[in-house]
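So the sequence shown is residues 1 to 141, counted in our numbering.
What the hints contain is simulated information worked out from the structure, not anything from laboratory work. What you are looking at is a predicted structure, and each value in this text was computed from that prediction instead of being measured. The beta-carbon is built from N, C-alpha and C at its ideal position, and this holds for glycine as well. Do not take every clue at face value.
[Stated by the list, open to error] So the derived label-pair ranges between C-beta atoms look like this:
no., residue 1, residue 2, range
1, 33, 56, 29 to 39 Å
2, 42, 70, 56 to 66 Å
3, 113, 50, 29 to 39 Å
4, 119, 46, 42 to 52 Å
5, 93, 113, 22 to 32 Å
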Amino acid sequence: MFLWDPRAHVYHWFGMRDNSFLFRTIYDLSFFVIVIVIILNLIFGVIVDTFAALRQEKQNSEELNKNHCCVCGLHRSAFDHSNTTFDEHVEVDHNVWHYIYFIIYLRTKLNDDLTGLEIYIDKLIKVSKLDRIQYVLFNYK
Numbered sequence: 001m002f003l004w005d006p007r008a009h010v011y012h013w014f015g016m017r018d019n020s021f022l023f024r025t026i027y028d029l030s031f032f033v034i035v036i037v038i039i040l041n042l043i044f045g046v047i048v049d050t051f052a053a054l055r056q057e058k059q060n061s062e063e064l065n066k067n068h069c070c071v072c073g074l075h076r077s078a079f080d081h082s083n084t085t086f087d088e089h090v091e092v093d094h095n096v097w098h099y100i101y102f103i104i105y106l107r108t109k110l111n112d113d114l115t116g117l118e119i120y121i122d123k124l125i126k127v128s129k130l131d132r133i134q135y136v137l138f139n140y141k
């Protein structure tokens, strides 16, 4: 053996003819390999499941936005037998930007200049009862 051989002290400590060294080494290495593989599989499994759940949530959200009116909650199939299409309903009747502009209008207008209906809608917005706003606006006409 050479002086710089890193195995020299191990062989000297356990002895060259000791079979327990070989079995112990195989046992230790197999234990660490198995434990590391199991732990890494658990970690990677959690990561993959998390991304799958996020992807499913995104698909559900896209399906909801594509097939439901965000103002009144009607499904696309409700417009199969009507004169207007779902896209026309969303773009013309319940245009979200009109609601946003109206909320900005209420925020920028002085409270003394608000009408009774605008005060009521402003209170509904402040308490987050946005589902009632659509009902109030369309029944006011």
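How the hints compare with the structure:
1. 33 with 56: 29 to 39 Å: 34 Å, holds
2. 42 with 70: 56 to 66 Å: With a Cβ separation near 40 Å, residue 42 and residue 70 fall outside 56 to 66 Å, so the hint is violated.
3. 113 with 50: 29 to 39 Å: 50 Å, violated
4. 119 with 46: 42 to 52 Å: 51 Å, holds
5. 93 with 113: 22 to 32 Å: 28 Å, holds
Of the numbered hints given earlier, the model fails hints 2, 3; all others are met.
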